[in-house]
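There are 2 protein chains.
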Amino acid sequence: MAYFPAYTDEEIITFLKAQAPHAAIATDKTTLAQHQSGQYGLGAGDSALLAYVEVADVADIQGVLKTARQFHLPVIPQTTATSTVSGSDALGHGIILSTRRMNKIIDVSREDQVAVVQPGVVNQDLDAAARKVGMFYAPDPGSKAMSAIGGNVATNAGGMSTVKYGATWDAVLGLKVVLADGRELTLGHRTLKQAFGYNLTQLFVGSEGTLGIITEITVKLMPIPFGQPITGVAYFPDMKTLGTAVTEVRAAGVYPAMLEALDSATLQALDQYEGTNYAQNNGAMLILRLDTGDQAILQKLKAILAQFGAQNLQVTSVPDEQAKLLKLRQDMLPAVFANGNHVMEDMAVPLSKMAQMMAYISEIAKKLDVQIYTAGHAGDGNVHPTLVWPKAQKEVPDKVVRALRLMFREALRLGGTISGEHAVGLLKNQWNNEELGPDVDQLQHQIKSLLDPMHLLNPGRKID
Amino acid sequence: MAYFPAYTDEEIITFLKAQAPHAAIATDKTTLAQHQSGQYGLGAGDSALLAYVEVADVADIQGVLKTARQFHLPVIPQTTATSTVSGSDALGHGIILSTRRMNKIIDVSREDQVAVVQPGVVNQDLDAAARKVGMFYAPDPGSKAMSAIGGNVATNAGGMSTVKYGATWDAVLGLKVVLADGRELTLGHRTLKQAFGYNLTQLFVGSEGTLGIITEITVKLMPIPFGQPITGVAYFPDMKTLGTAVTEVRAAGVYPAMLEALDSATLQALDQYEGTNYAQNNGAMLILRLDTGDQAILQKLKAILAQFGAQNLQVTSVPDEQAKLLKLRQDMLPAVFANGNHVMEDMAVPLSKMAQMMAYISEIAKKLDVQIYTAGHAGDGNVHPTLVWPKAQKEVPDKVVRALRLMFREALRLGGTISGEHAVGLLKNQWNNEELGPDVDQLQHQIKSLLDPMHLLNPGRKID
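Residue numbers (this note's numbering), protein chains in the order written: chain A, 1 to 464; chain B, 1001 to 1464.
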């Protein structure tokens, strides 16, 4: 807060309420404390938060932004607050602007193969609505059951099916956004091909609320593939062997819809948590899925896996058994998280470098004596190491920070990125220069200043 | 040219030659006249062209831009000059900067499923290099055999396989670009997932040389699908029936790799040109392709087509017969072009609106007495009417201009875009306000001014 503020908080709140008449505006300490930090980040929210606002419509958003401009307040856009990088935690004497109540599915069109939604629609709800007309919404982040499309777009969320269907950026055809100055722009189209304007739609995808407030999203839907899906699991002596098998599976043209790798530490955690004995298979587990399985493709897949070192391969087309295998990947997180406080990381490297990246992570774990459990979207080189430390210790231990730093550097050295699908938020924004170089970093700041000259929108995140 | 120029052309050329020492620099009238206008636009190139420069490397590009800054000269980026919208014709007392000699395929990686190329690599050559390692490069514009990846990226080129694999924007993972100020930026990554910086890569995809010069492109490769491809042809009483069948085929989850529609006027032109008798089947022709055909999928496809009004369906898995059917689509253009001077247009509408758009085009043809032949990438709502007028008449007839204007308005009214895959160039840049609205139009200009403050790069194209 400024030393000698021109306005009292009460004056600001009165102004805000008049400007955003349909919004639910909370300013009491209990509610503010509840919303100060998201549950999945590092609890970095600022206790100076002024208001938590759930807007009902575009006019409310424009009112919040007018208030922010009037009183020079940071605005923190948010949908379901499930950021893993503290991307929507409270910041300064600011306003959290949540669009979670704007959760209408405006249109689901089988004919156009698109859906139009408000930002607060939960990913799973959109997918369910699409499935009612024989379509599905492809991007499937781990947070699918709780995170909203607005946040998915803001972070360019990926998921398990990215290997076949792409991440959020591949699904978004158009957006409506409210700029910091209050104007609402319509970007992109409801068409599958577009070659008219600059691609401003994608400038906002992954921009983490720093360039504007997303108010409406037009996405591609995919037809549910014809045929019998199959899901399987296989074990490999080590991650390197698994990596080679994944390369061969991908190159074979069978277009798997999922290729997930779990390392042996993760298998042990799973066994401990669930009373299973996956770790006795040793090495690394691959969970795979074909969503268009015919017999010829399945035979081809089995032959490749056998040739490249897969052990104990099980494949099933029985829905219940498939669900059980898929659940393994979901259960992994609570199993790992049960071991203590944790940070789940997210790096992506070129496909051929995934095994090397995973080997490096294991090496760092031993060298620095840090507990690390690594799972990966093996089909797209996206690695998620979870670093765990004792529950008693609130602060992130130095050796964990050291381990993170070394991993990030290795990912960049291998031609990768330190964020594959979780974005940057508060936790990685000091790495801009490292990952992008000073010229691109500067250009990002120029674009930010162009769209948000007062730097009101999620300042200190993504690029600062 | 300015009334009293500060420098003679000779002085400028001497400076240019010193700055771009590896470039082939032509300033003679014959060569300049040759490069004044591309072959596929409306011959709108400016005869005041100062130099035609084929650069050899990034240093040459930087030298050309330094010269342009020094003498305030327009720079027209170009690869193979096959723009259909006069996007790279000569402009003012400017320099055409061609990167066609920068045509190295730097890397084709089966393991990473990416390729890295220079901008001058012809689309077909990249695809051929990828096929050598069991991959392919998906975007397949009609100009595939002659257009280069640099231009494909600059225009966000689509093609027939977009219906399954997406357009150029879906393939591009990273770019190197030289800005107007001479700095080379590296954007994006060699990774399939990316969620770190703002998506500046896609800001340059489709920017038509107005924001920077593309010097290197990293693209996704797709594995050649396992299985037996099949190609087929079917006839429908009219475009509306065809459109409904296409909707059903798409929604069935069989993922066709091509769904091309030809109208009856086009079939008549084909018959005249090739001595065939396609038009006797009346109505509209659909050419379709599955590149992962198994028998179950094929049966499903046949059942849908029969149910929704297809007549005389022929499907083949014999390679020669497939090639023959595919050639139909290619032969369509010379058959249509043989009828006179022409302009081939490009609009995309929501899938469900394609039949309506095509019906509107036929109606306009009758009403204004304009010869129009319409083909469409029916699977993605992308319509290409070709408007033809007598060879003797050099100027575009008024009624053709009126017809174009009406079509564009109808495409926009239907929620579409007036450019699906051919970009904007010189021929559509007066439609920015109409298609995008004044706020987005203004933002485009702000971004242009940010990246190219002297407006040297392809001025008057895309957004001006």
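Bear in mind the hints are in silico, worked out from the structure with no lab data behind them.
Take the hints with a grain of salt, since some may be wrong.
Unchecked claim - Listed next, the in silico DSS-like pairs over lysine-lysine satisfying Cα-Cα at most 25 Å (straight line):
| no. | chain 1 | residue 1 | chain 2 | residue 2 |
| --- | --- | --- | --- | --- |
| 1 | B | Lys1399 | B | Lys1144 |
| 2 | A | Lys300 | B | Lys1300 |
| 3 | B | Lys1399 | A | Lys132 |
| 4 | B | Lys1366 | B | Lys1399 |
| 5 | B | Lys1391 | B | Lys1367 |
| 6 | B | Lys1132 | A | Lys300 |
| 7 | A | Lys366 | A | Lys324 |
| 8 | A | Lys29 | A | Lys17 |
| 9 | A | Lys302 | A | Lys327 |
Said to hold, decoys possible - One side only, chain A facing chain B, incomplete, derived with CB under 7 Å:
| no. | residue |
| --- | --- |
| 10 | Gln36 |
| 11 | Tyr40 |
| 12 | Phe71 |
| 13 | His72 |
| 14 | Asp112 |
| 15 | Gly134 |
| 16 | Gly158 |
| 17 | Arg190 |
| 18 | Gln228 |
| 19 | Leu298 |
| 20 | Leu412 |
| 21 | Leu414 |
| 22 | Pro438 |
Glycine residues also receive a C-beta, built at the ideal position from the N, C-alpha and C atoms.
Cross-check of the supplied hints:
no., hint, in the structure
1, B/Lys1399 / B/Lys1144, "violated, 32 Å"
2, A/Lys300 / B/Lys1300, "holds, 23 Å"
3, B/Lys1399 / A/Lys132, "violated, 47 Å"
4, B/Lys1366 / B/Lys1399, "holds, 11 Å"
5, B/Lys1391 / B/Lys1367, "holds, 22 Å"
6, B/Lys1132 / A/Lys300, "holds, 20 Å"
7, A/Lys366 / A/Lys324, "violated, 32 Å"
8, A/Lys29 / A/Lys17, "holds, 18 Å"
9, A/Lys302 / A/Lys327, "holds, 22 Å"
10, Gln36, "violated, 25 Å"
11, Tyr40, "violated, 15 Å"
12, Phe71, "violated, 25 Å"
13, His72, "violated, 23 Å"
14, Asp112, "holds, 4 Å"
15, Gly134, "holds, 6 Å"
16, Gly158, "holds, 5 Å"
17, Arg190, "holds, 5 Å"
18, Gln228, "violated, 9 Å"
19, Leu298, "violated, 11 Å"
20, Leu412, "violated, 10 Å"
21, Leu414, "violated, 9 Å"
22, Pro438, "violated, 10 Å"
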